[in-house]
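Peer 1: Starting from the given sequences, assemble the full structure and let the hints guide the process.
Those sequence lines, one after another, are chains E and D. All residue numbers for the first sequence refer to our numbering, where the first residue is 35 and numbers rise by one. All residue numbers for the second sequence refer to our numbering, where the first residue is 106 and numbers rise by one.
Read the hints as simulated data drawn from the structure, not as lab findings. Glycine included, each C-beta is placed from N, C-alpha and C at the ideal position. Be careful, since some hints might not be right.
Said to hold, decoys possible - Residues from chain D shown here face chain E by an in silico Cβ test under 7 Å; the list is partial:
id, residue
1, Lys110
2, Thr144
3, Leu147
4, Trp150
5, Ile152
6, Phe173
7, Ile182
8, Val246
9, Ala256
10, Pro257
11, Tyr261
12, Ala263
13, Thr264
14, Val265
15, Leu267
16, Gln270
Said to hold, decoys possible - In the EDC-like style, the derived pairs of lysine to aspartate or glutamate whose C-alpha atoms are separated by at most 16 Å in a straight line are:
id, chain 1, residue 1, chain 2, residue 2
17, D, Lys142, D, Asp157
18, D, Lys142, E, Asp72
19, E, Lys166, E, Glu93
20, D, Lys142, E, Glu213
Spelled out from the first residue to the last, the chains are:
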Amino acid sequence: MNEKSLSTAIAFLSLLALPLFLYAAAGPYGPISDLTFDITITVPDEYRISGMQDIVFGEYSGSGNLESNYDLCVYTNGPGSYRAYAIDNSALSPTGFSAQNPSATADVPYVVRWNDVTGTSGNTRLNFNNAKNFTGANTQSVDCSIGGNTANLLVRFTRANLQAAPGGTYFTTLTIVIEP
Amino acid sequence: MTQKKAFRFLVLIFVFCILPYVVIAQPVTRVKLSRVKNTFNLGTWLIGNVDDNDPACAYRDDGIDSYFITATDDSTITPGGFYLQNAAATAEIPYSLLWSNTPAPGTIVLSDGVASAASGANTTDRRCRDQPDPNTANIRVQISSSALAAAPSGTYTATVTLVMQP
Numbered sequence: 035m036n037e038k039s040l041s042t043a044i045a046f047l048s049l050l051a052l053p054l055f056l057y058a059a060a061g062p063y064g065p066i067s068d069l070t071f072d073i074t075i076t077v078p079d080e081y082r083i084s085g086m087q088d089i090v091f092g093e094y095s096g097s098g099n100l101e102s103n104y105d106l107c108v109y110t111n112g113p114g115s116y117r118a119y120a121i122d123n124s125a126l127s128p129t130g131f132s133a134q135n136p137s138a139t140a141d142v143p144y145v146v147r148w149n150d151v152t153g154t155s156g157n158t159r160l161n162f163n164n165a166k167n168f169t170g171a172n173t174q175s176v177d178c179s180i181g182g183n184t185a186n187l188l189v190r191f192t193r194a195n196l197q198a199a200p201g202g203t204y205f206t207t208l209t210i211v212i213e214p
Numbered sequence: 106m107t108q109k110k111a112f113r114f115l116v117l118i119f120v121f122c123i124l125p126y127v128v129i130a131q132p133v134t135r136v137k138l139s140r141v142k143n144t145f146n147l148g149t150w151l152i153g154n155v156d157d158n159d160p161a162c163a164y165r166d167d168g169i170d171s172y173f174i175t176a177t178d179d180s181t182i183t184p185g186g187f188y189l190q191n192a193a194a195t196a197e198i199p200y201s202l203l204w205s206n207t208p209a210p211g212t213i214v215l216s217d218g219v220a221s222a223a224s225g226a227n228t229t230d231r232r233c234r235d236q237p238d239p240n241t242a243n244i245r246v247q248i249s250s251s252a253l254a255a256a257p258s259g260t261y262t263a264t265v266t267l268v269m270q271p
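Peer 2: Here you go:
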């Protein structure tokens, strides 16, 4: 048998064997018949952030910083580490955090700080669209109902920036992204 | 030969020569389960419930199409139920197995280790080559999205054993 004939024979036999791989071995023919099959599924690393809140500072009194923070939930079904970054929709400062007035003629920069535990102690400043590594995500329940919140978000407008801004209402939508 | 001896002789003849054939001649119902695929490879879960199925052939040789089907799996963390486990056997995902009396996906919920009554077995061809559809049953696997969402990341498997009995 030459090499070509051998290859053809192997290919033919492989085709004959194909059903054996597609189907489980049939159970025996007898008083009982049994067979086995496998089930397999992969659950990928997943993340969820919840508990985000609107922050309304009200009218600035003219002195001091404006600052607000709250605890929130970061969950993962993985080991607990994650990366976080933040962006906002301000058009006047597309590469920095700022709240702007409705006519988009003025904006007020602000600072975003993230903590991978609750509270503000030890938190880290986030730069616009620049992910940083964190740990300590909740791995017990998607909504942190078990184990509690695991992070803290702080937003701060400094006195200098507020005092430098024209009078008006300033608004921004802040987006926090959690990723592997 | 007295009457008593003759009777004993006949009894012995019956016991050793006729009875074995009578016993051997008792028909034993035989069944055969086939055409289930080797693996339900459900891939990587992203969102939603998982629902997959595969037609199967259940054959019974005595002309009666009813039978019992029993499923068990090899999960070890929580005995008595159907669970997929990760390789380290530290996490599990519950799933459901459903049987059908037709090749279409069905709704007969199987319980781990419990025989469930089924019907519609093939009674004519043990090799299940009948056309247009040789299958007579269906095995279905369901996993809820909530169970998957609650599971640690990883790959989960189970080996299921199906047993068919008359």
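Peer 1: For each hint, tell me whether it holds in the structure or not.
Peer 2: Okay, the hints, checked on the actual structure:
1. Lys110: With a minimum Cβ separation of about 41 Å from chain E (threshold 7 Å), the hint on lysine 110(D) is violated.
2. Thr144: Given a least distance of 4 Å, the restraint on threonine 144(D) holds.
3. Leu147: Holds: closest Cβ of chain E sits about 4 Å from leucine 147(D), inside 7 Å.
4. Trp150: This hint holds: tryptophan 150(D) lies near chain E, its Cβ roughly 5 Å from the closest one there, short of 7 Å.
5. Ile152: violated, 10 Å
6. Phe173: Hint on phenylalanine 173(D): violated, closest Cβ of chain E at ~9 Å, above 7 Å.
7. Ile182: violated, 15 Å
8. Val246: holds, 6 Å
9. Ala256: holds, 5 Å
10. Pro257: holds, 5 Å
11. Tyr261: Status holds, d = 5 Å.
12. Ala263: Since the shortest Cβ distance to chain E is 5 Å, the answer is holds.
13. Thr264: At 5 Å from the nearest chain E Cβ, threonine 264(D) passes the 7 Å test, so the hint holds.
14. Val265: Valine 265(D) check passes; min Cβ-Cβ to chain E is 6 Å, inside 7 Å.
15. Leu267: Leucine 267(D) check passes; min Cβ-Cβ to chain E is 6 Å, inside 7 Å.
16. Gln270: Constraint on glutamine 270(D) satisfied, holds at 5 Å.
17. Lys142(D) x Asp157(D): holds, 12 Å
18. Lys142(D) x Asp72(E): Distance of about 9 Å is within 16 Å: holds.
19. Lys166(E) x Glu93(E): violated, 33 Å
20. Lys142(D) x Glu213(E): violated, 37 Å
Comparing the model with each numbered hint stated earlier shows that hints 1, 5, 6, 7, 19 and 20 do not hold.
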